[in-house]
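J.: The chain contents come next:
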Amino acid sequence: MSDASNPSSDQTTAFAKMWTDTCSKLMQAAMTFSPETAPPELLRQIRAGLMQALTHSWEEFLRSPQFLEASKQMMEQAVAFRKMSADLLTKARHATEGATRDDVESLRAALERVESRLADQMEALSTQVSQLAERTGQFAPAPKTAARKRAPAKGPVGKRRRQT
Amino acid sequence: MLANQEQTNPWVEWQQACVMEQFRQFRRISRLPFLAEKMERVKKGVTPSEVVYEERPLKLLHYPTATPPRYKTPLVFVFALVNRPYILDLKVGRSVVSHFVQAGFDTYLIDWGAPSEADRGRTMSDYVNGSLGNVVDFVRDLRGVPRVSVLGYCMGGTLSAIFTALHPEKVKNLMLLAAGIDFATREGLLNLWSDAKYFNVDEFVDAFGNCPAEFLQSSFLLLKPVQNLLEKPINFLENLDNDQFVEDFLTMETWLNDNIAVPGEVFREFVKYLYQQNLLVQGGLPIGRKKVNLRRITCPVMNIMAQEDDLVPCAQSAPFNDLVGSTDRASIVAPAGHIGLAIGSKAQREVWPQVVRWLAARS
Numbered sequence: 571m572s573d574a575s576n577p578s579s580d581q582t583t584a585f586a587k588m589w590t591d592t593c594s595k596l597m598q599a600a601m602t603f604s605p606e607t608a609p610p611e612l613l614r615q616i617r618a619g620l621m622q623a624l625t626h627s628w629e630e631f632l633r634s635p636q637f638l639e640a641s642k643q644m645m646e647q648a649v650a651f652r653k654m655s656a657d658l659l660t661k662a663r664h665a666t667e668g669a670t671r672d673d674v675e676s677l678r679a680a681l682e683r684v685e686s687r688l689a690d691q692m693e694a695l696s697t698q699v700s701q702l703a704e705r706t707g708q709f710a711p712a713p714k715t716a717a718r719k720r721a722p723a724k725g726p727v728g729k730r731r732r733q734t
Numbered sequence: 584m585l586a587n588q589e590q591t592n593p594w595v596e597w598q599q600a601c602v603m604e605q606f607r608q609f610r611r612i613s614r615l616p617f618l619a620e621k622m623e624r625v626k627k628g629v630t631p632s633e634v635v636y637e638e639r640p641l642k643l644l645h646y647p648t649a650t651p652p653r654y655k656t657p658l659v660f661v662f663a664l665v666n667r668p669y670i671l672d673l674k675v676g677r678s679v680v681s682h683f684v685q686a687g688f689d690t691y692l693i694d695w696g697a698p699s700e701a702d703r704g705r706t707m708s709d710y711v712n713g714s715l716g717n718v719v720d721f722v723r724d725l726r727g728v729p730r731v732s733v734l735g736y737c738m739g740g741t742l743s744a745i746f747t748a749l750h751p752e753k754v755k756n757l758m759l760l761a762a763g764i765d766f767a768t769r770e771g772l773l774n775l776w777s778d779a780k781y782f783n784v785d786e787f788v789d790a791f792g793n794c795p796a797e798f799l800q801s802s803f804l805l806l807k808p809v810q811n812l813l814e815k816p817i818n819f820l821e822n823l824d825n826d827q828f829v830e831d832f833l834t835m836e837t838w839l840n841d842n843i844a845v846p847g848e849v850f851r852e853f854v855k856y857l858y859q860q861n862l863l864v865q866g867g868l869p870i871g872r873k874k875v876n877l878r879r880i881t882c883p884v885m886n887i888m889a890q891e892d893d894l895v896p897c898a899q900s901a902p903f904n905d906l907v908g909s910t911d912r913a914s915i916v917a918p919a920g921h922i923g924l925a926i927g928s929k930a931q932r933e934v935w936p937q938v939v940r941w942l943a944a945r946s
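Going line by line, the protein sequences match chains A and B. Numbering-wise, my numbering comes out as the position in the first sequence, counting from 1, plus 570. Numbering-wise, my numbering comes out as the position in the second sequence, counting from 1, plus 583.
So that you can see chain B by itself, here it is in the shape it has in the complex:
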């Protein structure tokens, strides 16, 4: 009888819940001293790699395999300039790179490295026609092939599209992952904040030189302030006693806080020509002494977008397929965010095997 009363009495239930919560809290707090040790164990990239080419501060990583590559055309990953590229090879079971390596592709990844103050004058042309061109030429020479496949992520996707438009003879297949192409949309907050009316990029670059990593980091945090500054820490505290959660959290946070500065001139050109003037889709983006015409891209293209992307909204990537001259065009819209598109479990399960099959059929 008493037991029945206790079960149905909400007041007693609340009391029990509070006591249980206290115990859980003690258990969580007891895990705090081990956090530092766990943080030291966080790996930056899991697939074995070797540096095959260097051009300060750039490094080209190659992922060697025990058996010869199954496909003739090598694949080059081009990452953004704002973060480290190991997000593409974050953890076992969460690695985009490993999908391609295991499928038998000869895979390379560009690590742009952190620019110094001396790099503040480097332009998009230096990156696209210079460094990226050198990497592609190096891989072509190394493997004795006329063309390579390119996969660009985020800003790296934009650079890859520009490179392919300028050097179509060097790219066999182009894959873009959450890449900004048409910046006319005001759906994303970054598009709104970088409006010429509110942000004078010339004054900013003239004063600061390289765009500081802290500035980029705080802007990204502010895109979702409640999620990033409230929900995330609360979730972390609530799951301190869950080892798997803590490991995933620390791995992710290590990468998120591993921002690097963007060379001043690249930042100026990217903001002014793309975010403010949207020149890429108009065929007027000046790179070196040429203007980029996306119609010159005639190779097979795959455009992968994230439905809930707050950094590069779908509306910014989707027009790409209509702007190129290719006839072999495909796109995937995944129910994920900007990062989830690379490391999310659903993307790993559904998106990447599909992309690997697409590329295999064309390599």
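Looking at chain A on its own, in the form it has when it is part of the complex:
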């Protein structure tokens, strides 16, 4: 099997290339300054050159498909680990008859479904009332958006004032 088809080999090669490029750019940066320059200024110039070279190499590396692939794998591992630990905790809590995050989540999802159904029905009612009002001409049409708004209750105005 060739190295070209092996993703981990590609990643290693890309990482090695990044460091090789960095080293060569660092050498170039260090060699471009005259020894006649005043010492502190010379050191500052060399450092600025080195940082620039490093920045350039890292920017290239962070955009490379190899880095993207590596970060994807890392993320998948982190997610898998998180799921595994969550499963363990769920089992432990169920064993002790405690409520787990999944229980809370399913409760929340159920409430959301109820809320959504209620909002739909209220919207339908609102539309019907508007249509009736228009037909009879007795009432002003109700605002259609009133039922759609999912907003928590407003806090008390000026009740909690705090100077910072």
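Derived from the structure by calculation, the hints contain no laboratory data. Mixed in with the good hints there might be a few duds.
Below, simulated DSS-like cross-link-like pairs (lysine-lysine); rule was C-alpha separation at most 30 Å, straight line [what the hints assert, rightly or not]: (1) Lys807/B with Lys642/A; (2) Lys674/B with Lys815/B; (3) Lys595/A with Lys655/B; (4) Lys653/A with Lys780/B; (5) Lys595/A with Lys674/B; (6) Lys653/A with Lys855/B; (7) Lys642/A with Lys815/B; (8) Lys655/B with Lys807/B; (9) Lys855/B with Lys642/A; (10) Lys655/B with Lys753/B; (11) Lys929/B with Lys780/B; (12) Lys929/B with Lys587/A; (13) Lys587/A with Lys627/B.
Fit chain B to the given chain A structure using the hints.
T.: Okay, now just chain B, sitting in the frame of chain A:
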């Protein structure tokens, strides 16, 4: 004669420089014990404010003034959900808020607060139609005005644009500060990293719930690893004996490390619908039961962008003015970075007075 030789001899010059550097180093190290004390003195917001409205975890800050506001239309700052908003009021002389307060605007700032695990299910609709809508309604009722001016920063700018498109009757002027609108560009690293091919946001949110602050912080650090992890600490060490530098550095670092988690569903929607599918510019972004159409924005708009922004590149913000239905459109491109656009000395000197004048003429 000897003196002349010493002056021209590079070897002696190097020796002198090394000795001087040693002395400076001692002086810097001697300042280290006072760092903790200085860190405790860092303020989070400098302009006097009061909380006028709360909706857990949101707080609406009002900046009261001794004299009545000069302009009738109140101004509401909408900050991003990923950091604390005091970057807009960081220090005396580096405060965006104070520009508007001093000019006589009735100014408000939304502090979204840190979401708890219970907030993981909150969607963009809950933030835009819910919390932001409530804040705008509250300010309109409080001041007895039909419309307010809105200034949104970064993700807050995106939310502000969405809000204005959905509720154009409530916004008189819209200002966006480094706001992501068109996510098609691959100029920024975040756009590249969040590509659907490499980042499965559904699995991430299902596993983690809220997007952890540490994840966001490390992603931001990695945008400029050499600057953030090498140059910045070196600069800090070199300037430990410069009190002003240390104070600025600590203030800035306090804010940079004061990240907050993003509610899971908001993170999912933001990444999937904006970064991955770029639905906002296509008129297909679902918010609640509606789709956002930027053409519905007809109020005056000001789009402020940073030329060297690594978080929200100009290419991501610039198309906004062509996508709205407004005829009164302006934009400013400042030679600054994402944060420098708010607190940079040049931005404070040139950009903000210009923005204040623009808003004053329309308030």
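J.: I'd like to know which numbered hints this structure contradicts. Please list them from smallest to largest.
T.: 3, 5, 8, 11, 12 and 13
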